[in-house]
Amino acid sequence: MEAVYAQYAWLVPLFPLIAFLLILGIGRTANRTGPVIGVIGTSISFVVALLVLFEQMKGDGMAYVWNDLEWIRAGNFVLEMGFEVNPLNALMLVVVTFVSLLVNVYSIGYMKDDARISVFFSYIALFTFSMLALVISENVVQLYIFWELVGVCSFLLIGFWYNKPEARAAAKKAFIVTRIGDVGLFIGILLLVWHMPEHALDFTNIANAFGNGDISGGIATLIAILIFIGAIGKSGQFPLHTWLPDAMEGPTPISALIHAATMVAAGVYLVARMYPVFEASPEALQVVAYVGAFTAIFAAIIALTQRDIKRILAYSTVSQLGYMMMALGIGAYAAGIFHLFTHAFFKALLFLAAGSVIHMLHEQDIFKMGGLWRRMKVTGWTFVIGGLALSGVFPFAGFWSKDAILAEAYHSQPVLFWIGLFTAFLTAFYMARLFFLAFSGPAKSDRASQVLESPFVMTLPLIILAVFSIVAGFVNIPGSDRLATWLTGEAPGEHGSLLVIILSNVVALAGILLGWLMYGKKQLPQDWLSGRAAWAHRLSYRKFYIDELYDYLIVRPLRVIGYFLHLFDEFIVDGIVRLIASMTTALGRTGTRLQNGQLQTYGLVSLLGLVIIAVAFVGWRFVIHAG
Amino acid sequence: MNMVASFLILAAILFCIGLYGALTKRSAIIVLLSVELMLNAVNLNLVAFSRWGIAPNLTGQIFSLFTITIAAVEVAVGIAILIAYYRSKGTSDVRDMNALKR
Numbered sequence: 000m001e002a003v004y005a006q007y008a009w010l011v012p013l014f015p016l017i018a019f020l021l022i023l024g025i026g027r028t029a030n031r032t033g034p035v036i037g038v039i040g041t042s043i044s045f046v047v048a049l050l051v052l053f054e055q056m057k058g059d060g061m062a063y064v065w066n067d068l069e070w071i072r073a074g075n076f077v078l079e080m081g082f083e084v085n086p087l088n089a090l091m092l093v094v095v096t097f098v099s100l101l102v103n104v105y106s107i108g109y110m111k112d113d114a115r116i117s118v119f120f121s122y123i124a125l126f127t128f129s130m131l132a133l134v135i136s137e138n139v140v141q142l143y144i145f146w147e148l149v150g151v152c153s154f155l156l157i158g159f160w161y162n163k164p165e166a167r168a169a170a171k172k173a174f175i176v177t178r179i180g181d182v183g184l185f186i187g188i189l190l191l192v193w194h195m196p197e198h199a200l201d202f203t204n205i206a207n208a209f210g211n212g213d214i215s216g217g218i219a220t221l222i223a224i225l226i227f228i229g230a231i232g233k234s235g236q237f238p239l240h241t242w243l244p245d246a247m248e249g250p251t252p253i254s255a256l257i258h259a260a261t262m263v264a265a266g267v268y269l270v271a272r273m274y275p276v277f278e279a280s281p282e283a284l285q286v287v288a289y290v291g292a293f294t295a296i297f298a299a300i301i302a303l304t305q306r307d308i309k310r311i312l313a314y315s316t317v318s319q320l321g322y323m324m325m326a327l328g329i330g331a332y333a334a335g336i337f338h339l340f341t342h343a344f345f346k347a348l349l350f351l352a353a354g355s356v357i358h359m360l361h362e363q364d365i366f367k368m369g370g371l372w373r374r375m376k377v378t379g380w381t382f383v384i385g386g387l388a389l390s391g392v393f394p395f396a397g398f399w400s401k402d403a404i405l406a407e408a409y410h411s412q413p414v415l416f417w418i419g420l421f422t423a424f425l426t427a428f429y430m431a432r433l434f435f436l437a438f439s440g441p442a443k444s445d446r447a448s449q450v451l452e453s454p455f456v457m458t459l460p461l462i463i464l465a466v467f468s469i470v471a472g473f474v475n476i477p478g479s480d481r482l483a484t485w486l487t488g489e490a491p492g493e494h495g496s497l498l499v500i501i502l503s504n505v506v507a508l509a510g511i512l513l514g515w516l517m518y519g520k521k522q523l524p525q526d527w528l529s530g531r532a533a534w535a536h537r538l539s540y541r542k543f544y545i546d547e548l549y550d551y552l553i554v555r556p557l558r559v560i561g562y563f564l565h566l567f568d569e570f571i572v573d574g575i576v577r578l579i580a581s582m583t584t585a586l587g588r589t590g591t592r593l594q595n596g597q598l599q600t601y602g603l604v605s606l607l608g609l610v611i612i613a614v615a616f617v618g619w620r621f622v623i624h625a626g
Numbered sequence: 000m001n002m003v004a005s006f007l008i009l010a011a012i013l014f015c016i017g018l019y020g021a022l023t024k025r026s027a028i029i030v031l032l033s034v035e036l037m038l039n040a041v042n043l044n045l046v047a048f049s050r051w052g053i054a055p056n057l058t059g060q061i062f063s064l065f066t067i068t069i070a071a072v073e074v075a076v077g078i079a080i081l082i083a084y085y086r087s088k089g090t091s092d093v094r095d096m097n098a099l100k101r
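Chains A and B supply the protein sequences, listed in that same order.
Using numbering that gives the first Met the number 0, the first residue of the first sequence is number 0, and each one after it goes up by one.
Using numbering that gives the first Met the number 0, the first residue of the second sequence is number 0, and each one after it goes up by one.
Derived by calculation from the structure, the hints in this document are not laboratory data.
Zero decoy hints are in this set.
Partial list, computed: chain A residues near chain B (C-beta under 10 Å):
| hint | residue |
| --- | --- |
| 1 | Gln594 |
| 2 | Asn595 |
| 3 | Gly596 |
| 4 | Gln597 |
| 5 | Gln599 |
| 6 | Thr600 |
| 7 | Tyr601 |
| 8 | Gly602 |
| 9 | Leu606 |
With the C-beta cut set under 7 Å, the calculated list includes, among others, these residues of chain B facing chain A:
| hint | residue |
| --- | --- |
| 10 | Leu22 |
| 11 | Val93 |
| 12 | Asn97 |
| 13 | Leu99 |
Where a beta carbon is used, it is the ideal one built from N, C-alpha and C, also for glycine.
Using the sequences and the hints given, assemble the complete structure.
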C-alpha cells in the first residue's frame, strides 16, 4: 500500500516548533495568546499523528523512510537527515502528541496565575517538538541531537521556578546525571561509526548489520551496553535514577508530561529502536533485564515510605520504567512497548490528578491531606482509576500490559517473574497507602477540609486520560497478538497464561487490601513494620542512602579535587598572568621616566639617535667597501 | 684646500654651537637665538654651494633669502609665544616648560 500520510510525518514535529517560535517571537506579552498557540500547535500535530498511526495500522507495518537531505559529506562518508515512520514510532507519535495536548490544556488552568506562563508554554512546545523529532529520527546522530534537546527542555522546565533553590539544584542534578548516561550513548554511537560497514548510521542499516552478524560478539555487547547506559540515564534506571524524584521540583504538568509519560520513556524507546543491536548480544539483554528488574523492585521499596505525593509517583515511574526495561530484556518486545503505551496514560493521569490536589491545596505531604474524596470528586475518581490501572487490577490498562510482561517472564525467566510479581504487590500497596492517606479519612488540616474541586480546564484532561486508562489495555488482550504482530512484523509465540493472570490480580488486590487495612480502615497499626524494623523503614525512607553515597563517593572527592585545581588556577595559572602584567607595568614605569616633558631632553635623545644611525650607516658603508 | 670645505666647516661649527645652545641653555630667549644660529649655518651652506658648488647658480642664494624671511617670521612668532608664556607663568626658564608631560 502506498504510504500517504507517512510522507507528511515531518509535519508532526513541525507544528510545535512553529508554536514555540511564535510564542518566542511574541515574547512575554503572550500570556494570553501563548497557551492558545501551544494548544493549537499540539492539536494539529495530534491529528496528523493520528492519521499516520491509522495508516500504519491499515498497512502491513512497512516502514516508510525518507532520507534525501544530505547533511554531512566527508570523503566517502555521507550522513543523511530524514525521518522514518514505522509502527513503533507511529504509536509513540500519537502517545506524545496526545499527552502533550492534554498537558497543554491542563496547564492553562494550572499555570494560570504564573507570570511566566508564555515562557512555560514555549518550553512545552519546544519539548514536544524535540521529543517528536527524536521519535521519527532516521539515524542515530539525529536521534542523539534531539535526545540532548529533550534533556535541555527537561532542565529548563525542572528549573522553571528558578527562584526556588531546590528547583535550581534539581535541574542541575537532572542535567548532570543524565549527562553521564549520554556520554555512554555517545561512545556507543562512536563505536557504531567505527564498526558499521560503510559507516552507515541509519536504523535500517544498523538493524541489518546486527541481524546479519556483521557485528557480533564482544563488540556488539559493548555497543549494546553503552547504548543502554544512555537509556539508564534518561529513563532513571538504577544507578542513575536519583535525578528523577528530584525533578519533581518542576511544575506538576511537566512531571506528568516529561518525567512520567514521554521523555523518561525515551530510554525505553531507544532500547526498543536499537533492539536488533541488543538481540545480537544475549549478555546485553540479560543486563537490561536485570537492571530493569532491580530498578523496579528497588524503586517500589523506596516508594513505600515517601511522604511527598509527587515523589511517590516519581519512584513509581522509576519502578514502572524498570518493568519496561525488564520486558525488553527478556525479549518481550511488544509487551514492553505495550506497557510504555498504557503507562503513559495512567501515569500522566496520576500526576495530573496529584497536580490538581497540589494546585488547590498547596500541600504535597500526604500525611497532611485526608478527606479529599468528599470535596474533590472528579480528581478522586480519576485518581482511583489511575491507581487501579497502575496497580494492575483487571480490567484497567495497567493490568493487561503488566500481565503481558509477567506472562513472558514466567515463561523465560522465572526469577524475574517473581521479582516482577512482588513489585506488583508493592505497587498496589503504596498506591493504596497514597490513596487512603490523601483521599479518605478525616481532613488533617484546615485547608484540606475546605478545598474545592479544580476548574474544568484541569479536570477535563483527567477525565479523558481516565477513559484511556480503562480502555487502552484492550489494544492487546492475552490470546490476541495483534499488537506484537503489528509492531515486530512477525507473530510471536503465545505466552498467555491463566495462572499469571490470576496471580497478578490476587497480588494487586492483596496489596490494596493491606493498604486499606493499614491506612483506610486502620485495623492494622500503621507502624507495625516501622516499629518492628525501624532500620528497614529508615533505609527505605532515606532512599537507601543512594544520594548520600554519591555525595560521599563522587561529589565530595570531586569537590576536593576541584579545590586543589582552583588553588592551582589561582596561584600558578593566574600567578603567571599576574607576573606578566606586573612586568609590563614596570616596563611602562621606566618609560614614563623618559617622558619628563623637557623638550631639550627630547632633542638630545633625538640627536643621539641620529648620531647612532649616522655612525651605523657610515660604518656599514665602510665595512662594505673594506670587505 | 678646497674653498667650499672651509665654508662647510665654519657652517658645521656654527650649527654645532647652535645645537649645543638649543639643547642646554636655560633661558628660552637664548634657545631661540641658538635656533637662529643653526638656521644661519644652513644659510651659509646654501650660499657657499651656490658660489663654489659643482653646478653654481643663484638658486642657493634665493633659497637663503627665503630662509632668512622664514626665520624672521619664526622669531616673531617664537618671541610672541615666549612673551605670552612669560605673562601667564612668570618664567622663561625652559626647564619649567614641562607641560608636555601631562
